[in-house]
Amino acid sequence: MLRLFPAAALFVLLAPVAAGLAGILLPAFGYLPTLGHDDVSLEPFRQLFAMPGLARSALLSFGTGLATTAIAFAVVILFVAGWRGTRLFRTLEGLVSPLLSVPHAAAAFGLLFLIAPAGFLVRLVSPELTGWERPPDLLIVQDRLGLAMSFGLIIKEIPFLLLMTLAALPQARVAEMERMTAALGYGRVVGFMHGVLPALYRQVRLAVLAVLAYATSVVDVAIILGPTTPAPLAVRVLDWRNDPDLGGHLLAGAGAVLQIGVTGAAILAWLAGERACGALARVIAKTGWRATADSWLRGLSAGLIILSAATILAGIALLGLWSIAGPWRFPDALPAAVSLATWMRVGPGLLGPLRDTLLLAVSTSFAAVALALGALEREARLGRAAAGRGLRLLYIPLLVPQVAFLFGLQILFSWLGLDGAFPAMLLSHLVFVFPYVFLSLSDPWWSWDPHYGQLTRALGHGPSFVFWRVRLPMLARPVLTAAALGFAVSIGLYLPTLLIGGGRWPTITTETLALASGGDRKIAGATALLQALLPFLGFAAAAVITSVLFRNRRALRSSG
Amino acid sequence: MRFLFALLLSLIIAVPIARAETSDPSNWNAVLSQAKGQTVYFHAWGGEARINDYIEWAGKTVEDRFGVRVTHVKVSDTAEVVSRVLTDKAAGRSEGGKVDLVWINGENFAAMKREGLLQPAAWATKLPNYRFVDVANKPSVERDFTVPVDGLEAPWGMAKLVFFHDEARFQKPPASAASLGRWISENPGRFTYPQPPDFSGTTFLKQLLVELTPNPAALQAPATDENFPAAVAPLFAWLDAAHPNFWRSARAFPRDYGGLRQLLADGEIDIAFAFNPADASSAIANGELPDTVRSFVFPAGTLGNTHFVAIPFNAAAAAGAMVFADFLLSPEAQARKEDAAIWGDPTVLAVDKLPLEDVTRFAAVERGIATLRPEELGPVLAEPHPSWVERIETEWARRYGVIQ
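In order, the protein sequences belong to chains R and P. The opening position of the first sequence corresponds to residue 1 in the numbering used here, with each subsequent residue numbered one higher. The opening position of the second sequence corresponds to residue 1001 in the numbering used here, with each subsequent residue numbered one higher.
Hints in this document: simulated from the structure, not taken from any laboratory. Worth double-checking, as some hints may not be accurate.
To be verified - Restraint-style ranges between C-beta atoms, simulated for each label pair:
#: 1; chain 1: P; residue 1: Pro1128; chain 2: R; residue 2: Leu145; range: 56 to 66 angstroms
#: 2; chain 1: R; residue 1: Arg46; chain 2: P; residue 2: Ala1175; range: 42 to 52 angstroms
#: 3; chain 1: P; residue 1: Ser1249; chain 2: R; residue 2: Ala540; range: 29 to 39 angstroms
#: 4; chain 1: P; residue 1: Asp1240; chain 2: R; residue 2: Gly278; range: 24 to 34 angstroms
#: 5; chain 1: R; residue 1: Phe49; chain 2: P; residue 2: Asp1240; range: 46 to 56 angstroms
#: 6; chain 1: P; residue 1: Ala1178; chain 2: R; residue 2: Gly347; range: 17 to 27 angstroms
#: 7; chain 1: R; residue 1: Gly347; chain 2: P; residue 2: Asp1064; range: 22 to 32 angstroms
#: 8; chain 1: R; residue 1: Arg46; chain 2: P; residue 2: Asp1240; range: 37 to 47 angstroms
#: 9; chain 1: R; residue 1: Leu121; chain 2: P; residue 2: Asp1064; range: 43 to 53 angstroms
#: 10; chain 1: P; residue 1: Asp1064; chain 2: R; residue 2: Leu124; range: 31 to 41 angstroms
#: 11; chain 1: P; residue 1: Asp1225; chain 2: R; residue 2: Gly278; range: 55 to 65 angstroms
#: 12; chain 1: R; residue 1: Gly347; chain 2: P; residue 2: Asp1240; range: 40 to 50 angstroms
#: 13; chain 1: P; residue 1: Asp1064; chain 2: R; residue 2: Ser363; range: 26 to 36 angstroms
#: 14; chain 1: P; residue 1: Ala1175; chain 2: R; residue 2: Ala540; range: 29 to 39 angstroms
Claimed, not checked - Some chain R residues close to chain P (C-beta under 10 angstroms, calculated; not the full set):
#: 15; residue: Thr181
#: 16; residue: Leu184
#: 17; residue: Thr228
#: 18; residue: Ile396
#: 19; residue: Leu416
#: 20; residue: Thr456
Using N, Cα and C, we set each Cβ at its ideal position, and we do this for glycine too.
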C-alpha cells in the first residue's frame, strides 16, 4: 500500500500538466475537430504575431518577472545576511507565515486601495498638503512599465522566498561560516555572501525559479494593478480565449505556447545571470574586499523588508476599513460614517462560497499532507536519504505557466464529464498545493533524528508503529504548518477554480473577483478581507492544535 | 506505467449519464412536470448587489411555486460563459452541461448562435408569458443587434445608454457626440470609457459611430472591407482628437463598467455612462455616488437594446431553465424589476395590454431620484450589426491598444 504513494504523488503532479499541455498544443497548431478546425496549420501563430503590441506584452512579462524576482531575492538575502540571529529576525520569522498566507489578489487589492491616485495615501495628505480637491491625473496604477504590478508581486514574493530560505538555512551550516568569515575580518553581509550563499542558493534555487515562473505568467495581480495598453501576455491570452470573435481557443493556444517560451526564456536568462554573478563573486573574493562598514546596507535591508510587510498589513487594514465604511468621498482621510451594511448585504451570499472554499481547501491540504507523508515514509523505509531525485519533478507544475495547461485540462475534464465534479477540483488544486506542502515538510522530515526510530524498533515495534506513534507526533508542528500552508495556497487559487469548476464551485476568491467587477470598493473590500483572513485561520488553528497536543510534552513544545 | 493508467482510470468514477432533454414549451404542463426538482444554474453577471438580490428573490419564488431550484453563478464577464460552453462543444459534451441559463445579448449572443452553442429549436416565443411582450414597439426583442433572435433567447429587460454626471460639479451636460468632444477639450482628464473589447466600452464607440458616420443605414447591414474605412473614419477622427485630453491621456483605460463608475465616485472623471437607466439611482442608494448625480441623454437619441436569457445546447436542466425564464417574463417579476428600489431595469412587456391588476402594479413602480422618466429617455437608436463591432475592436486595438 505504501508503495503506491510516491507514484501517486508523481501522478498528481505530472499527469494534469501533461494532459493540459497536450490540450493546448493541438489547438495551437489549428487542430480542434469538434469546433470544425480539421487541418493542422500555422494559422493561429500567424494570427498571434499579427496582434498589436505582442512583443511589448511579451517583453513586459519577461522584464517584470526577472526584475521582481531579482529584487525580492536580493532583499531577502540581504536581510538574512545582515540580521540572522537578531530579535528583529525572529520577529519577522514569526510574521512570515501570516504574510505568506494572504492571497495574491487580496494583497493586490490592498495595495490598489493604498497607492492609487484616489487611494488612502493621497487622501491622507489631501487637501491639506497638496491642495488637491480631486484625485490627480497620475498614471500610478496601470502604469506602462508595470511598476505598480511589480511592487505588488515583490511584496508577496518576499515572504515566500524568506520562508524557503529559512527552511534551507539549517543545511548551510550558517553559524560556523559566520564565525569563520567574522574571524577573517569580513563584514556580516559580504561574509555571508561568500561563505553561506553558495551552499544556501543550491537549496533555494528551484524555489526562486518557481517564483520567476509565476511572476512571468501572473494573471490576477496583473488584472488589478498591471498596464492595459498593452496588458501582460498571460492576461491577453485569457482575454483571447474568452472572446470567440478574436480567435478563441486557437489563438489562446498559440498564445499559451508563446507564454511558455517567455517563461522559459526568463528562466534561461536567470541561469545565465547566476553564472555571471558567480564569476563576479569569484573576482571579488580574490580582491579580498572586506566591506566592514556595512551598517547602511543592513539598515537598508531591514527597512525594505519592514516596508514590504507593512504594505501588506496596511493593505489588509484598508480592506477592512472599506468594508465597514459608509459613504467615503475623496479627499476625506476617513469614512464619513461607519456601518455594517456592506457585511449584512454581502454576508449571507458568501456563506455558500465560504463553505465550498473550506471544503476544498481542507480536503486538498489533507490529501496533500497524506500524500507527502506517504511518499516520504516510503523513501525513509527504502533507506534513501534526502531525495534530490524526485525534487526537481516536484517543481514542474510551478514552472509551467498556469494559463498554459489549465485550458487543456478544462477540455480534458469536460470530455470526461468531470468538470465541476469534486475529484476534478481536488486534483486541479492538488497540482498546485502539493509542491508547497512537500517542500515545507521534507526538510523537517529528513532532519528528524533516526535514532528515535531505531530505539523504538529495538524495543520490538514495527515500522508502522514508528511512523504513527513516534515520528508523526514528534513532527506534528511541521506537519500542521505544512497543512496550513496547503490550506492557504488552495484558498488563493483563482484560475483553476474558475476554469475547472464550471461555475459549480464558487469560492471566496472567485466571488471576490466577480463582485469586484461591479466597482463598489466596499464590497470588494469585504470579500477580499475575508479572502485574506481565511488562511490566517488555518495557521492559527495549527498553532492551537500544536499547543493542545503538546500540553504535556515540554521537550516537544520548546524544541519546535 | 500500468500503475499510472490504473490510477487514471480510477479517477473516472462518475461520468454523468444525463438524459437527453427534449423540452417543448408548447406542452407547458409537460415542461412543468419535467422541471420539478431540477436545479437551474443561472450564469449571470454578479457585479451589482441589487441585481444579485433580485435574482435571489426570483429563484426563491420559482422554488416555492414550481419546485425548481435556481443557483446564481456570478460571473465577471459573460464572455467567460460563452467560452465555457464552447469548451464543452470542443470536448464533445453534448449533454449534462454546467450552464443551464445565461444572461446575454449582443455580440455574445451572435457568437453563441453562430457557433451553434444554443438550444437548436425556438423556445422563447412559445413561453406562456411571451404573449405580453411588446414586440410592436420594441423591435429589439426580436432582433438582437440586428441578428434575428428566432426564439433562441427570451427577452428580460430593456437597456438604454444613459450618461450621468454630478450636478454639483457642473450644470449643462453635452448634448451630442460633437458637443461631448468640445466638452472634453475644455475639461481635460475628466472623461474616459472602459477599454474595448469590454461591452460598455464598445457600446460607447458604437454610439459615437451611429452619430458620426455619414450613412447610418449602412450600419444595419454587415460591414465589408469596402464600406468599413469610410464609415468609421469620423469615429476615429473624433477619438484621435479627444484622446490626448482623456483621463490619464488615454494611456490607460478602466477595465470594465465597474471601474468607470468607481472613477466617477472618486471624482476622477465627471461623466460616466451605463446601460441601465436606474444605475445612478442604484449607486446613490448604495452610498457610492453623491445624491447630486443625475442622468442625461442626447436629445437626438442614444443606443438602446434588449437583454435576454438563453439556454445552451447542452443544458442539463433545460425544462427548469424555461420555467425560470417564463417567470422572469411574468408581469409580477417585470414590475418588481422595474422598481428602482429593487433594480430599476425597464420592462419588455407591453404594459397597456396587460390585465388591469398588472397595469396598476406597474403604475405604482418607483423610478428613483436620478432616473429619467420613460418619456424623458429620448429616441432609441438601433444597434449596428455585430460585424461592425468586431472590426472596430480590432481597429481600436491596432490604433490605441499599444501606447508607445
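- [ ] Determine whether the Cβ-Cβ distance between R/Arg46 and P/Ala1175 falls within the hinted range of 42 to 52 angstroms.
- [x] holds, 46 angstroms
Open item on the list: Tell me if the interface restraint on R/Thr181 is satisfied: Cβ within less than 10 angstroms of some Cβ in chain P.
Closed with: violated, 48 angstroms
- [ ] Can you let me know if the beta-carbon spacing of P/Asp1240 and R/Gly278 is within 24 to 34 angstroms?
- [x] violated, 52 angstroms
Open item on the list: Given the hint of 43 to 53 angstroms, is the C-beta distance from R/Leu121 to P/Asp1064 inside that range or not?
Closed with: Once the Cβ atoms are compared, 50 angstroms apart, the range 43 to 53 angstroms for P/Asp1064 and R/Leu121 holds.
Open item on the list: Tell me if the beta carbons of P/Pro1128 and R/Leu145 are separated by a distance inside 56 to 66 angstroms.
Closed with: Once the Cβ atoms are compared, 58 angstroms apart, the range 56 to 66 angstroms for R/Leu145 and P/Pro1128 holds.
- [ ] Given the hint of 40 to 50 angstroms, check if R/Gly347 and P/Asp1240 actually sit that far apart at their C-beta atoms.
- [x] holds, 48 angstroms
Task: Supplied contact hint for R/Ile396, tested at 10 angstroms Cβ to chain P - done: This hint is violated: R/Ile396 lies away from chain P, its Cβ roughly 15 angstroms from the closest one there, beyond 10 angstroms.
Task: Range agreement (Cβ of P/Asp1240 with Cβ of R/Arg46, hint 37 to 47 angstroms) - done: Roughly 29 angstroms apart at Cβ, these two residues miss the hinted range, so it is violated.
Task: Outcome for the supplied range 26 to 36 angstroms, where the beta carbon pair is P/Asp1064 and R/Ser363 - done: Holds: the Cβ-Cβ distance is about 33 angstroms, inside 26 to 36 angstroms.
Task: Hinted contact R/Thr228 with chain P - closest CB pair below 10 angstroms - done: holds, 5 angstroms
- [ ] Starting from the range 22 to 32 angstroms, see whether the pair R/Gly347 and P/Asp1064 falls in it by beta-carbon distance.
- [x] holds, 23 angstroms
- [ ] Closer than 10 angstroms between Cβ atoms is the bar; does R/Thr456 clear it against chain P? Give me holds or violated.
- [x] The hint is violated - R/Thr456 has no Cβ within 10 angstroms of chain P, the shortest such distance being about 31 angstroms.
Hint compliance for this structure: hints 3, 4, 5, 6, 8, 10, 14, 15, 16, 18 and 20 are broken, all remaining hints hold.
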